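Peer 1: Single-letter residue listing:
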Amino acid sequence: MTTSGYNFAYLDEQTKRMLRRALLKAVAIPGYQVPFGSREMPLPYGWGTGGIQVTAAILGTNDVLKVIDQGSDDTVNAVNIRRFFARTAGVATTNRTPEATVIQTRHRIPETPLAAGQIMVYQVPEPEPLHRLEPREAVTRKLHALADYGFMHVKLYEDIARYGHIATTYDYPVLVNDRYLMAPSPIPKFDNPKLNHSPALQLFGAGREKRVYAVPPYTKVESLDFEDHPFSVQQWDAPCALCGASDSFLDEVVLDDVGGRMFVCSDSEYCSNRQAAGHAGSAVKEAA
Amino acid sequence: MNAPHTPLLPGLPQPAPDSQRIFRQLLDAMAQPGRIHALQVAVTAPAPLAPAASAIALTLCDYETPVWLQSAGPEAWLRFHSGCPLVDDPGTARFALIDQPASMPALAAFAQGEAEYPDRSATLIIQVSAFGEQGLVFAGPGIDGETRLGVAGLPDQFWRDWQQSHGRFPLGVDLVLVAGTRFLCIPRTTTVREG
Numbered sequence: 000m001t002t003s004g005y006n007f008a009y010l011d012e013q014t015k016r017m018l019r020r021a022l023l024k025a026v027a028i029p030g031y032q033v034p035f036g037s038r039e040m041p042l043p044y045g046w047g048t049g050g051i052q053v054t055a056a057i058l059g060t061n062d063v064l065k066v067i068d069q070g071s072d073d074t075v076n077a078v079n080i081r082r083f084f085a086r087t088a089g090v091a092t093t094n095r096t097p098e099a100t101v102i103q104t105r106h107r108i109p110e111t112p113l114a115a116g117q118i119m120v121y122q123v124p125e126p127e128p129l130h131r132l133e134p135r136e137a138v139t140r141k142l143h144a145l146a147d148y149g150f151m152h153v154k155l156y157e158d159i160a161r162y163g164h165i166a167t168t169y170d171y172p173v174l175v176n177d178r179y180l181m182a183p184s185p186i187p188k189f190d191n192p193k194l195n196h197s198p199a200l201q202l203f204g205a206g207r208e209k210r211v212y213a214v215p216p217y218t219k220v221e222s223l224d225f226e227d228h229p230f231s232v233q234q235w236d237a238p239c240a241l242c243g244a245s246d247s248f249l250d251e252v253v254l255d256d257v258g259g260r261m262f263v264c265s266d267s268e269y270c271s272n273r274q275a276a277g278h279a280g281s282a283v284k285e286a287a
Numbered sequence: 000m001n002a003p004h005t006p007l008l009p010g011l012p013q014p015a016p017d018s019q020r021i022f023r024q025l026l027d028a029m030a031q032p033g034r035i036h037a038l039q040v041a042v043t044a045p046a047p048l049a050p051a052a053s054a055i056a057l058t059l060c061d062y063e064t065p066v067w068l069q070s071a072g073p074e075a076w077l078r079f080h081s082g083c084p085l086v087d088d089p090g091t092a093r094f095a096l097i098d099q100p101a102s103m104p105a106l107a108a109f110a111q112g113e114a115e116y117p118d119r120s121a122t123l124i125i126q127v128s129a130f131g132e133q134g135l136v137f138a139g140p141g142i143d144g145e146t147r148l149g150v151a152g153l154p155d156q157f158w159r160d161w162q163q164s165h166g167r168f169p170l171g172v173d174l175v176l177v178a179g180t181r182f183l184c185i186p187r188t189t190t191v192r193e194g
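Protein sequences appear in the order of chains A and B. Quick note: the first sequence uses numbering that gives the first Met the number 0, first residue 0, plus one each step. Quick note: the second sequence uses numbering that gives the first Met the number 0, first residue 0, plus one each step.
I should point out that these hints are in silico values taken from the structure, not numbers from a laboratory. In this text, all values refer to a predicted model and were calculated from it rather than measured experimentally. Every residue, glycine too, gets a C-beta built ideally from N, C-alpha and C. Careful, some of the hints might be misleading.
[Stated by the list, open to error] Heads up, incomplete: computed chain A residues facing chain B, CB under 8 Å, no partners named: (1) Gly4; (2) Asn6; (3) Arg19; (4) Arg140; (5) Leu174; (6) Arg178.
[Claimed, not checked] Every beta carbon over 12 Å from chain A, so not counted as near; a handful from chain B, in silico: (7) Ala30; (8) Leu59; (9) Asp88; (10) Ala105; (11) Glu132; (12) Thr188.
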């Protein structure tokens, strides 16, 4: 059911035009953060207002929208945002990655490979990868202008000096098109390789910080590392307890108060598709 | 020039859905340089603008975007439908509408952005005579390998000028090339060589 009394997809046309101009510049300068006039949305900052504004600016009546929150289609943020656009834009929604034309995401990239023509919209809490090292935006903009990313290499080096390995596991910094340092949003570093040379267009929206940025399709996205400490992704000792997948990102689920736990796919659609196809993990086999 | 009594041509038939459709084509074109899109909206363009150029102008321009017009004609139409200010100095424009590329200013005459804010740069909407299949090789972000394409109606030095502009990255201008109702985009990251 669509809600009356609002413009199509909630935002007014002038706001959409402003966002659309910013998005075109963002695509033209991959990884560079374009400022935009972030609007008050009917939910607080931190709930995906940047992603919602980007989605509102691009969405049309023929789009099919998928929304995920930490990989799941069924958690509160994903359900709310999907319903928001079903009501204000009347668009079709789906859980199935291959059917979606626009996928808004909080902190994951689907396990199912993306296709050409699809658009990923990331919700970004902190767009500036250098923010924790240099809080002044005037200075970080200067550092980006000079492509001076020594700070970040020192930070990664300090990780190695202290822990023996690079301890950053999510929002792992990437260099886009050999030029701009970019925060990939708090996706696990497990997803970083999916950013590189993706056939899909990837848009990033930060509502509170009022910036959008983008990675065009088929663009080099490189995770920062050192020759003797190459970038690597997380690995788990056991496959998913529900579907038996050994190639997906796993969440730890605490089962009781005596140390019981299991690891299951964070991508709920991927996991249920595998289970429907007859795959079973250890927890399912035990129950049977 | 539009005399005061000349009736204005209409703008986009359905401004909200039409501009969304045109924007998505633009976004796809900017994300995949060299891919040709055909305008899906019927627009009656005021001379000397091509239909795609006028539709794109109405999709992106408003009171926040100074526009530079190379040739007189569409001033009243643009002002009425988009509310954009028109400027005489190409260096202060966010969008430039160019219908005679043979006599257009050098790319460096348009806003290139600033080192800290390279997005504060112009987007040039240039009308060419036709698109072909051969003659130019495009490469860069958005292109899987290389794309071959022909563009007729640009002056000889244009692509040399473009490569110089490319050398100023991340500063530079972005292009929308228009041939009638068809268009393609060339962002500043795209390298173009003849071959």
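Peer 1: Against this structure, judge whether each hint is valid.
Peer 2: Verification of the hints:
| no. | hint | in the structure |
| --- | --- | --- |
| 1 | Gly4 | 15 Å, violated |
| 2 | Asn6 | 7 Å, holds |
| 3 | Arg19 | 5 Å, holds |
| 4 | Arg140 | 4 Å, holds |
| 5 | Leu174 | 13 Å, violated |
| 6 | Arg178 | 7 Å, holds |
| 7 | Ala30 | 5 Å, violated |
| 8 | Leu59 | 6 Å, violated |
| 9 | Asp88 | 20 Å, holds |
| 10 | Ala105 | 19 Å, holds |
| 11 | Glu132 | 21 Å, holds |
| 12 | Thr188 | 7 Å, violated |
In summary, the structure is inconsistent with hints 1, 5, 7, 8, 12 from the numbered list given earlier, while agreeing with the others.
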